[in-house]
Every structure is written in C-alpha cells, then in structure tokens.
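Peer 1: The primary structure of each chain is shown beneath.
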Amino acid sequence: EAQVTQNPRYLITVTGKKLTVTCSQNMNHEYMSWYRQDPGLGLRQIYYSMNVEVTDKGDVPEGYKVSRKEKRNFPLILESPSPNQTSLYFCASSLRQLSSYNSPLHFGNGTRLTVT
Amino acid sequence: DQQVKQNSPSLSVQEGRISILNCDYTNSMFDYFLWYKKYPAEGPTFLISISSIKDKNEDGRFTVFLNKSAKHLSLHIVPSQPGDSAVYFCAARNAGNMLTFGGGTRLMVKP
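Residue numbers (my numbering), protein chains in the order written: chain A, 871 to 986; chain B, 23 to 133.
Here chain B stands alone, though its shape is the one from the complex (with noise of 0.2 Å):
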C-alpha cells in the first residue's frame, strides 16, 4: 500500500497563472516533506521541503503548504512557466530518515 500518494498523473496549466501539484499521505509519523522536479534523462533535483511543525513554506515562485490534519501537501508554482515542465515528486521522511516516493506528477506549462 502506498503511504504516499499523487492522485493526478498530469497537469496541464497556461503560462502565467498557477500550478497546484498535490500530495496525499496516510503515515502520520512522517515528519518532513520535499518536492523533488524531474526532467526527462536526467535524475530529480531537490526543490524545496517542508517540515512538520510549519504549515507553509515559500521560496521564490514556490510554495508548499502542509495540512496535518488532512495529511495532505500542495506545491504551488505562480506564476508558472514553460521551464517548469516536469515530472515532480513529492517524497515523505520517516523517523528512521528514510524517504517514501508519491508517483509523480507530470506538469505542462503551455506558453
């Protein structure tokens, strides 16, 4: 059972406005989130993370938001460009440091 989840394979957004790349995850001892960008032939690239005790955490264009209750994390991309397109993951970290994979978003940023 994956304890961590992407429920949307694809996106697909106009350049300019807002990306929101969801993630679901059902283990609540995770206790640090990060969103992983994927081009195609090369290997991820680390984004940005969130830890557990915030609820938000920006970084330029990029944002995450972490809702504990809902077990629920969203990355926003505003405003979005055509370099943005990518595959992203979001990964979770348990109490042994160890990372758990969603499977993956696949933005595309229409110009």
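Chain A extracted, bound-state conformation (with noise of 0.2 Å):
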C-alpha cells in the first residue's frame, strides 16, 4: 500500500530533551515536506526536500531540522525542544515539487508532540 509512514504518533517529552520523528514514504517521491498544525494557523511548512540531499527551510524553520539521506527518508530532529513547539505535526511528500492533481501531497497520519 502506498503511504507515508510517520512514528511515533504520540511523544510526551521534556524541555531541551532531544528528539527524531521520521517518516518515511514507499512511493518513490522525490518531494518531502515537513508541516505542523496548530489551532486557527492550519498548516504551516517547517523545511522541505526536493531530492536527497537537498532541503530547505519554509515559513517556520526555526527549533528543527532535517536530513535526506534517502530518498525514502525524511527525519524531523528537535535538538532542544521547547513548549512552543507543542503541535501536531506531518510528514508529506510529493512525486515532484509542483503540487497540482497529477502530484497532489500525500500526508501521513500525524505525530502529537507535547513539550513540558
């Protein structure tokens, strides 16, 4: 099945305790994109990756960061998480970076971090 694949879905973690959400997609897509949702904000882009070894920020890089090894791959890292950064967050990926019907973002199902 064709998917992308977020973990954890739940983490509860403390300030400045370093933290990795991955994800992962089986479906050969060069785009990936990381978004987090807060409450009347919708969904806000953290960095993005048009290819391995290419990322870049988007509206609201700072706190996080990224790494595309693999094209499969696509890890969100949090080296000092603070409260701020409580929000639902998702992994997303795209066969190319031109989002339309024929590439539309494929999200996974989500990762609620909280921050204490």
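Since the hints were derived computationally from the structure, they do not count as laboratory data.
Worth double-checking, as some hints may not be accurate.
Derived DSS-like pairs: lysine-lysine, alpha-carbon spacing no greater than 27 Å straight-line [claimed, not checked]:
1. B:K59 - B:K76
2. B:K27 - A:K927
3. A:K887 - A:K927
4. B:K59 - A:K927
5. B:K76 - B:K93
6. B:K90 - B:K76
Hints are included, so try docking the two chains, each in its own frame, into the full complex.
Peer 2: Written out as structure tokens, the structure is:
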C-alpha cells in the first residue's frame, strides 16, 4: 500500500531533550516536507526537500533540523525542544515539487508532540 | 499575516443539503488552489483543485469555484453526506511551488 509513515504517533517529552520524528514514504517520491498544524493557523511548512541531499527552509524552520540521506526517509529533528513546539506534525510527499492534481501531497497520519 | 484565510472555523449542515466552504486569499500571484479533507487521527487527503485560469472545476459531488477579482474560492458539496464531516483546508500555490494553507473549516453534516 502506498503510504507515508510517521513515528511515533504520540510523544511527550521535556524541554531540552533531543528528539527525532521519523518519516518514510514508499512511493519513490522526490519531494518531501514537514508541516505543523496549530489551531486557527492551518498547516505551516517547516522544512522541505526536493530530492536526496537537498533541503530548504519553509515558513517556520526555527528550532528544527532535517536530513535527506535517502530518497524514502526525511526525519525531523528537534535538538532542544521547547513548549512552543507542542503541536501536531505532518510529514508529506509528492512525486514532484509541483503541487497539482497529478502531483498532490500525500500526508502521513501525524505525530502529536507535547513538550513540557 | 495569513495569506490564505478560512473565516468560518465551523459549519453545520443537514444531510442532503448543500455545504459551502469559503476561502479568501491576498496574494494575487497564487496560480493554483487545492482543497484537502482531514478526518480525526489521519493526515489530510487531496480532494479537488483548480487552476487560476479557470473559474470552476467539478468532480462528482464536489465543485470548486474561483473568483479571481474577489480573491475568493469556495467548495460546494452537493448533496452533503454524514461521511463528509471532516476538517477542510484550502491551499494556494505560489510561483515557487510552495503551498500556503488556510486555518481549516470543520464541517459537520447532521443525519
């Protein structure tokens, strides 16, 4: 089954403790991206990657890191999490960067992160 | 400042009636618009889209209308079904192929 898989689904951590949220897609997509969803603000892009070893900042990259060493994986790293990073995170991928009817974004099921 | 806004956080509609979800944008350079649907505990899924060179796109029960002069798009669902109850996000694409999402509208279709 074609899918984007994120782990873990739920994570509670404390301020300053480094964490990684994994993301993997099995559709051979070039483009991958991370979003955070907050009430009333919709989905805001954190980082994206157009292909292996190519990453770039989205709208809200502060406090996050990513890497794209393999085409299928795009982990999100929080080196020193803070309470304002408490949010619902989504990983997404598409065949190409172009977001259209023939290259829509496919989303994972989300990771709910709580930083205390 | 949010470039894509969905001013109604929620909408309640009777089964069988029309649901109209609205979205306003400020950036005239957006060239493509999409609607995504999200159920609880799942990621958003692509629903329907429209290019800025068109004013209407229809797919089954779903129709998206674009009014460029008003910088407004809407999603019509006819007839509405209980399974349509979800959060709907509109999104707009800019020249750099980046998507900007609205804040979402929660649709509740009552049987």
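Peer 1: Hint check: K59 of chain B vs K927 of chain A, CA-CA at most 27 Å. Holds or violated?
Peer 2: holds, 25 Å
Peer 1: When you check the alpha-carbon spacing of K887 of chain A and K927 of chain A, does it fall within 27 Å?
Peer 2: holds, 23 Å
Peer 1: Holds or violated: K59 of chain B and K76 of chain B, Cα atoms, limit 27 Å.
Peer 2: Status holds; Cα separation ~22 Å.
Peer 1: What's the verdict on K90 of chain B and K76 of chain B, does the C-alpha distance respect the 27 Å limit or exceed it?
Peer 2: holds, 9 Å
Peer 1: Going straight from one Cα to the other, do K76 of chain B and K93 of chain B come out at no more than 27 Å?
Peer 2: holds, 13 Å
Peer 1: Is it true that the CA of K27 of chain B sits at most 27 Å from the CA of K927 of chain A?
Peer 2: holds, 22 Å
The structure agrees with every numbered hint stated previously.
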